[in-house]
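Quick note, the sequences are listed as chains P and D, same order. Per full-length UniProt numbering, numbering of the first sequence is gapless, rising by one per residue and ending at 263. Per full-length UniProt numbering, numbering of the second sequence is gapless, rising by one per residue and ending at 326.
Hints listed in this document are in silico derivations from the structure and should not be mistaken for laboratory results. Even glycine gets a Cβ: it sits at the ideal position worked out from N, Cα and C. You may find that some hints are simply not true.
Claimed, not checked - Here are some chain P residues the structure puts well away from chain D; computed CB gaps all over 10 angstroms: (1) Phe12; (2) Gly14; (3) Gly15; (4) Thr43; (5) Pro71; (6) Gly102; (7) Arg164; (8) Arg213.
Claimed, not checked - Stretch by stretch, here's where chain D covers chain P in the computed footprint (C-beta under 8 angstroms, at least three residues): (9) 84-95; (10) 117-128; (11) 237-249.
What the hints assert, rightly or not - List time: in silico DMTMM-like cross-link candidates among lysine to aspartate or glutamate, alpha-carbon distance up to 25 angstroms: (12) P/Lys74 - D/Asp194; (13) P/Lys148 - D/Glu195; (14) P/Lys148 - D/Glu299; (15) P/Lys217 - P/Glu237.
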Amino acid sequence: MALLEAQHINMFFGGLKALNDVSLQAEEGKISALIGPNGAGKTTLFNVMTGFLVPTAGKVLFRGEEVQGLPAYKYVEKGLSRTFQNIRLLQEMTVLENVQLGCHHNMKQNLFDELFISPRCRREENESRESSMEALEFVGLGDLAGEKAKNLPYGHQRKLEIARTLATGAEMLLFDEPCAGMNTAEKAQLSELILDINKKLKKTVMLIEHDMRFVMKLSDTITVLAQGEWLAAGSPEEIQANPKVIEAYLGTKRKAVGYHVGD
Amino acid sequence: MKKVYGLLKRHSIIVIAVLGILAPLVIRNTYHVHIILMCMMFGILASSLNIAVGMTGLSNLAHATFFGIGAYAAAILNTRYGLPFYLTFFAGGLVAMVFGFILGAPTLRLKGVFLALVTTGFGQVVRIIELNWVSLTNGPMGISGIDAAEIGSYSFSTVSYIYYGLALLILCMYMSKRLMGTRVGRALFAIKYDETVARSLGVNITFYKVGAYVLSACMAGMAGTIFAHYVSFISPDTFTVADSTTVLCMVILGGAGSLLGPVIGAFILTIAPEIFRFAQTYRMIFIGAVMVIGVIANERGWVPMLTSKIRGLFHRKQTSEEGGKA
Numbered sequence: 001m002a003l004l005e006a007q008h009i010n011m012f013f014g015g016l017k018a019l020n021d022v023s024l025q026a027e028e029g030k031i032s033a034l035i036g037p038n039g040a041g042k043t044t045l046f047n048v049m050t051g052f053l054v055p056t057a058g059k060v061l062f063r064g065e066e067v068q069g070l071p072a073y074k075y076v077e078k079g080l081s082r083t084f085q086n087i088r089l090l091q092e093m094t095v096l097e098n099v100q101l102g103c104h105h106n107m108k109q110n111l112f113d114e115l116f117i118s119p120r121c122r123r124e125e126n127e128s129r130e131s132s133m134e135a136l137e138f139v140g141l142g143d144l145a146g147e148k149a150k151n152l153p154y155g156h157q158r159k160l161e162i163a164r165t166l167a168t169g170a171e172m173l174l175f176d177e178p179c180a181g182m183n184t185a186e187k188a189q190l191s192e193l194i195l196d197i198n199k200k201l202k203k204t205v206m207l208i209e210h211d212m213r214f215v216m217k218l219s220d221t222i223t224v225l226a227q228g229e230w231l232a233a234g235s236p237e238e239i240q241a242n243p244k245v246i247e248a249y250l251g252t253k254r255k256a257v258g259y260h261v262g263d
Numbered sequence: 001m002k003k004v005y006g007l008l009k010r011h012s013i014i015v016i017a018v019l020g021i022l023a024p025l026v027i028r029n030t031y032h033v034h035i036i037l038m039c040m041m042f043g044i045l046a047s048s049l050n051i052a053v054g055m056t057g058l059s060n061l062a063h064a065t066f067f068g069i070g071a072y073a074a075a076i077l078n079t080r081y082g083l084p085f086y087l088t089f090f091a092g093g094l095v096a097m098v099f100g101f102i103l104g105a106p107t108l109r110l111k112g113v114f115l116a117l118v119t120t121g122f123g124q125v126v127r128i129i130e131l132n133w134v135s136l137t138n139g140p141m142g143i144s145g146i147d148a149a150e151i152g153s154y155s156f157s158t159v160s161y162i163y164y165g166l167a168l169l170i171l172c173m174y175m176s177k178r179l180m181g182t183r184v185g186r187a188l189f190a191i192k193y194d195e196t197v198a199r200s201l202g203v204n205i206t207f208y209k210v211g212a213y214v215l216s217a218c219m220a221g222m223a224g225t226i227f228a229h230y231v232s233f234i235s236p237d238t239f240t241v242a243d244s245t246t247v248l249c250m251v252i253l254g255g256a257g258s259l260l261g262p263v264i265g266a267f268i269l270t271i272a273p274e275i276f277r278f279a280q281t282y283r284m285i286f287i288g289a290v291m292v293i294g295v296i297a298n299e300r301g302w303v304p305m306l307t308s309k310i311r312g313l314f315h316r317k318q319t320s321e322e323g324g325k326a
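Take the sequences, apply the hints, and build the full model.
If you want it as structure tokens, here you go:
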């Protein structure tokens, strides 16, 4: 059964059709990828599926339940957590605090618990600290917990964002271009990390990525968008062989084909 | 030395409490005692405004208005219905909370300058209501003859007002301290730094923004009731937009988002104009210039800047000692 499903999504901004009748499924326990040339509507679709945009038409189903139109902060309670294309960390807060914020929705304490240091407050703060440290250690940032987020190097900031989604306890994680701006070694490390998240932590992952080698290596299924339209979906092999995809990426000249997609 | 500093920093609330308790015992001059009380009032205002401005990142140029609303509520309830201080105190806080909600709820989507404008407008509207709703507020003549605060048979002296204000100030600071580093405070800071992230992590930003306004308004309103019973006469001129601006300056100059900064800022900006009273009107020009330069030179505020400087000093000393040993 598909864990997350978008059905016939239309997203219009005034006269601009950012998404036109796009559907996709993400199978539970799998890694699926969303690819397409710049301006294809990948991030828009992500925003629709995580509640940051309400689709003009169409449905978003999570575990078979309609979630479109819910306020964005409810999605994480349902079990969907995301990262952003431009790294969005709370720069002035510590690494640990950034991750602890991911536990926000799992905690029940209110202002009065905090004022009177109630047992619930103490227990929840300890639990959130522990699970956040666990998430940090999983991505390999355990010894940087006390640093301010802004002091981390770029690659670590990406990992921190991923740790934050892990701390939410969500079963489905959506990564928007997780390895943008990374070098080859960092990318290799990150793909290991994402595989671990999928295999060891049993999380369902969906990612947007431009690096084809990265996508082909990681994904179980790939969906291709181009200019706001659904173009193709299938296994990495099927996508690589699909002439429509090759055309969308490279135009029709044969010469260029082997250079990008076939690599 | 480092240990002493660390101890002072960790227990800064206790330091303020001890200073606040000792000050009226040492200082007997009525004029000085009045200034200490004003320090407490502005300390509460700055510390509570810090919850909205420093922690949640909402601008608010109407904080003195909430103080005024609390004071008016106390004055009206006391002079009309004879409610004693221990009831008007909570009533004033409640009324200010309601107004905090009225201001907070419709302005949620606004940010920065727009929010500053709307809150300024709110301050003006409340002032105009105070001036013109004569049957309720007695208009520009103000309300006089507010009873001195009493609890049981004990009637407040100026010093007891100070201690009452001090207790409220300590409550404000304690609340801020508890907020920093727990769930609710993290959510507030997340809203300040990046609303989108806060939403994506399950923070109901509507709830927390309104909550921050309501909470800070409540504290300001309670302070207002103490003030009303203390001076026994209030008028619309007591709580102006200029006062709101001053409170905002205290927060920004002292260090928005820090625990001690806004309170120290309040103390300094309350005492400085009194010290420079001999310079008459020139002192406001001087203090204004200090504010401008202070903010330009250091956006973070002076208290956080100084503490990090001092920490750096200790750090350097330590490393050079280690170097010496090696």
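Each hint, compared with the structure:
1. Phe12: 22 angstroms, holds
2. Gly14: About 20 angstroms separates P/Gly14 from the closest Cβ of chain D, which puts it past 10 angstroms; holds.
3. Gly15: The claim stands: P/Gly15 keeps its Cβ more than 10 angstroms from every Cβ of chain D (closest is about 25 angstroms).
4. Thr43: Holds, because the least Cβ-Cβ distance between P/Thr43 and chain D comes to about 13 angstroms, which exceeds 10 angstroms.
5. Pro71: Violated: least Cβ distance 8 angstroms, not greater than 10 angstroms.
6. Gly102: Contrary to the label, P/Gly102 does not stay out of reach of chain D, its closest Cβ about 6 angstroms off (not over 10 angstroms).
7. Arg164: Its Cβ does come within 10 angstroms of chain D, the nearest being 7 angstroms, so this is violated.
8. Arg213: P/Arg213 clear of chain D: closest Cβ-Cβ about 28 angstroms, beyond 10 angstroms.
9. 84-95: holds (count 7)
10. 117-128: holds (count 5)
11. 237-249: That given contact is violated, which follows from only 0 residues of the segment 237-249 of chain P lying within Cβ reach (below 8 angstroms) of chain D.
12. P/Lys74 - D/Asp194: Given pair P/Lys74, D/Asp194 holds - Cα atoms ~17 angstroms apart, limit 25 angstroms.
13. P/Lys148 - D/Glu195: It holds: about 19 angstroms lies between the C-alpha atoms, which stays within 25 angstroms.
14. P/Lys148 - D/Glu299: Distance ~18 angstroms between P/Lys148 and D/Glu299 Cα, so the pair holds.
15. P/Lys217 - P/Glu237: 11 angstroms, holds
The earlier numbered hints that this structure contradicts are 5, 6, 7, 11.
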